[in-house]
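**Q** In the working numbering, the protein residues as written are 11 to 822.
These are computed hints drawn from the structure, not numbers from a lab.
Since the model is a prediction, treat every value here as computed from it, not as a measurement.
A couple of the hints might just be wrong.
[As the list claims (entries may be wrong)] For lysine-lysine, the following BS3-like pairs were computed, each having C-alpha atoms within a straight-line distance of at most 25 Å:
1. LYS311 - LYS300
2. LYS56 - LYS175
3. LYS134 - LYS95
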Amino acid sequence: MKILFYDTETTGIPSSLGRRSENLERYPWLLQISAILYTEDSTELKNIDYYVERKNMRIDNSYIHGITPEILEKKGKPIGYVIKKFEEICSEADLIVCHNYAFDSTIVRTELKRNKIPDFLSKKPSFCTMTECSWLSRGISLQNLHYEIYGKRFDNHHNSLYDTKATADCFFGMIKNGWLEKKNGTYHFNRPKNAIESIHEPDLDIDNSKFYNAFSIINESQKNIFLTGKAGTGKTTFLKYLRQKTSKYSITLTFTGAAAINAGGQTINSFFQLDHRPFLPDDSSLDKEKIYSFLRYTTNKREILNKLEIIIIDEISMVKADTIDAIDKILRIFRKKDMPFGGVQMIFIGDLFQLPPIQGPEWNVVSEFYDSHYFFDAKIIHKLIESSNLVRIELDKVYRQKEIEFIDILNRIRVGNHSIDDLNRLNQNKIGIENLNNLLSENHILLTTTNAKINTINYKKLAEIDSPEVQFNGLSEGVFPADLKVAPQLLKLKIGAQVMLLKNTGRNYNGKIGKVVKIADDFIEVIFDDDNAPIKVGLVVWENIKYTYNKEKHLIDENVVGTYVQFPLKLAWAITVHKSQGLTFNKVIADVSKAFSVGQVYVALSRCTSLSNLKLIGALQKEDIKIDQRVVIFSKNQTPDVIIKGYLNEGKIDTLYGIFKALLFDTKVDEVFKILQSAVHSKNDIFSAVFMDSLQEYIHKHTYYQQSVINLIKGSSELANGGTNNDKDTNNSSLLKNYLEELIEAILPLSAKLKSISEGLKMLKNEDLRFSPMKPKIDRHLEFCIEVYREKYTEFANVDKELKDLMAKWFL
Numbered sequence: 011m012k013i014l015f016y017d018t019e020t021t022g023i024p025s026s027l028g029r030r031s032e033n034l035e036r037y038p039w040l041l042q043i044s045a046i047l048y049t050e051d052s053t054e055l056k057n058i059d060y061y062v063e064r065k066n067m068r069i070d071n072s073y074i075h076g077i078t079p080e081i082l083e084k085k086g087k088p089i090g091y092v093i094k095k096f097e098e099i100c101s102e103a104d105l106i107v108c109h110n111y112a113f114d115s116t117i118v119r120t121e122l123k124r125n126k127i128p129d130f131l132s133k134k135p136s137f138c139t140m141t142e143c144s145w146l147s148r149g150i151s152l153q154n155l156h157y158e159i160y161g162k163r164f165d166n167h168h169n170s171l172y173d174t175k176a177t178a179d180c181f182f183g184m185i186k187n188g189w190l191e192k193k194n195g196t197y198h199f200n201r202p203k204n205a206i207e208s209i210h211e212p213d214l215d216i217d218n219s220k221f222y223n224a225f226s227i228i229n230e231s232q233k234n235i236f237l238t239g240k241a242g243t244g245k246t247t248f249l250k251y252l253r254q255k256t257s258k259y260s261i262t263l264t265f266t267g268a269a270a271i272n273a274g275g276q277t278i279n280s281f282f283q284l285d286h287r288p289f290l291p292d293d294s295s296l297d298k299e300k301i302y303s304f305l306r307y308t309t310n311k312r313e314i315l316n317k318l319e320i321i322i323i324d325e326i327s328m329v330k331a332d333t334i335d336a337i338d339k340i341l342r343i344f345r346k347k348d349m350p351f352g353g354v355q356m357i358f359i360g361d362l363f364q365l366p367p368i369q370g371p372e373w374n375v376v377s378e379f380y381d382s383h384y385f386f387d388a389k390i391i392h393k394l395i396e397s398s399n400l401v402r403i404e405l406d407k408v409y410r411q412k413e414i415e416f417i418d419i420l421n422r423i424r425v426g427n428h429s430i431d432d433l434n435r436l437n438q439n440k441i442g443i444e445n446l447n448n449l450l451s452e453n454h455i456l457l458t459t460t461n462a463k464i465n466t467i468n469y470k471k472l473a474e475i476d477s478p479e480v481q482f483n484g485l486s487e488g489v490f491p492a493d494l495k496v497a498p499q500l501l502k503l504k505i506g507a508q509v510m511l512l513k514n515t516g517r518n519y520n521g522k523i524g525k526v527v528k529i530a531d532d533f534i535e536v537i538f539d540d541d542n543a544p545i546k547v548g549l550v551v552w553e554n555i556k557y558t559y560n561k562e563k564h565l566i567d568e569n570v571v572g573t574y575v576q577f578p579l580k581l582a583w584a585i586t587v588h589k590s591q592g593l594t595f596n597k598v599i600a601d602v603s604k605a606f607s608v609g610q611v612y613v614a615l616s617r618c619t620s621l622s623n624l625k626l627i628g629a630l631q632k633e634d635i636k637i638d639q640r641v642v643i644f645s646k647n648q649t650p651d652v653i654i655k656g657y658l659n660e661g662k663i664d665t666l667y668g669i670f671k672a673l674l675f676d677t678k679v680d681e682v683f684k685i686l687q688s689a690v691h692s693k694n695d696i697f698s699a700v701f702m703d704s705l706q707e708y709i710h711k712h713t714y715y716q717q718s719v720i721n722l723i724k725g726s727s728e729l730a731n732g733g734t735n736n737d738k739d740t741n742n743s744s745l746l747k748n749y750l751e752e753l754i755e756a757i758l759p760l761s762a763k764l765k766s767i768s769e770g771l772k773m774l775k776n777e778d779l780r781f782s783p784m785k786p787k788i789d790r791h792l793e794f795c796i797e798v799y800r801e802k803y804t805e806f807a808n809v810d811k812e813l814k815d816l817m818a819k820w821f822l
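Please build the complete structure, drawing on both the sequences and the hints.
**A** Laid out in structure tokens, this is it:
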């Protein structure tokens, strides 16, 4: 068998992987492709490495892979020639391997389509080292996989040739370690006996611009986001996509334990170690003086807080305002940054029209400080809104329901604009209580408001089945509290029992209803709705994750502190409306005529995929549908698309400035000025605060450093001129004095130059040329400033070296 490894470098990231679009402009352009052909024993046979000729192409991500228009002009080959060479080496391969095959294959197929070349890639068996290694870490990077196998990173990452070699090294290393085995002409990971289903990457709808706007703002800016949407608009899909695709250090937090397990995160209270009590704005336990005693975070937890770039909070509709303010205070203090959430980018996800925060007796006290218990009335959220630092995006494309009539009715009920006609149409589906038992026997599920009722119905229906009862006890290891267990500790089943699937497995989704047809020791066969053949449901392992900081890898790790093994099933003739949030059912009986909470009716009705399969117990009255007008008012203000596009542009440039600043302090001179010029030309804001402050900060740093050294030298000189007791001391003091004078001579001229540059920058800053039509003049100022700064920067580096050399002479 011959195995081909390849990698690409491009102008960016595709909007979506795995979904096709006829609009080829949505996709990035290929800039470099490398491929290496090996035998199965890792002997290299041949390789190719080509840059692609691109005329006048803007490359905004050059800072990642280092490919510039100049390189492509000098080394690039015509795209037709590059594809031909790649096809030739592909034709010899029996298997194609990439790290993130979905990405690289999308890039290649797009170029084939642009150039009207038949798709030769799809005919070859493929293997993805990223998705197949999800058991190590979700969306594991090539660098991290290489580290897992060899204990070290590789050089020249983001050059496609070196990345290709690293992918091959990882692949053959996994074979050597026994992680891979060959079956049916391709390779597979060796998994545990009761292995969990493979992790499926979620796709985003290619035509849903709001998905991509939200993802791009998160990845390319520091703006905080509130992502909302009607039931069934893909909020959960977006969360999974974000967790897998973002390059930022992130954690996911939720309000409830079950949701935390499903989302692969922790609860808010668990992560921040907060008591289940209200936190008032003047709560003394969160003061700087007392917080370290109140929250005894480990060193590892503090390192996580300092490294964090994103916190995702799911189920935001259930999170209280005082909790959000407490998080803000904690992050400010522990990160030592007096800015919203300590500079962490916050992503709030949820539908405020669904289940609200639980309002207990403590609200009598909390209400004196907050307008409502919703997250948007937190003090810090008010400040974010006032400073235009909370982008609000509402997903509006419904995927759960397809019937326009049903979608329209649900939309009106959601915001309280429903009519008598809407209620009449829903009440046409009313059934009598005498029909309930028959419908429950036909794969309908009852959604009601109390646990007592659902337990009574489920065990009554189970007892009606004339077959032996089988019980399965869940197995816990490590730390796995009862409230985190998605599946019951004691699962009671019979042949014919109606069950609900509790975890996505293959094409079957969490919440799907079916009937048990066979029970074995290590699997249960279930026929789900619309399936003719039974599906084997095996044991599943749920993980309780705690976040830790890995100093060696400089990463935030998801550590499994406990596991729970059980069949992902529960009796499902009835469940509570509360537990149904986020789930989808084909056939629903809604018992909500006595709904007591805001959003309950909407949640219950919107779980069903079609109006014809929705049944109601009792007629729905107008007063049964409870809406909070504060939510209605807050939800009306969404961020316009034109503003979002502006934020995206600013975000890209601010990212360049951030890279410029980081490189500057690492003294990587050549890279610094490429990034700086790219950033300034993109925004044409040489006179902006960001640009000026970056230069001033660096100048002030050197001025302070050099003045400190001068003061130290003067003090040392006086000490050296003090009394001496012998000739040896006198000689040493004289030698020291000469060295110190040398240092001063080296520093003082540079200090004068620094002062001159600083004053010149202040003068330029005061000239308001940003909006002048004299663009040539602005460009000349730009080039002048960059060149002068480049020259002085080199002097800084040289003098610093002289200082270090001279000081080394003395101390040695």
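**Q** Against which earlier hints does the structure fall short, listed by number upward?
**A** Result: no hint breaks.
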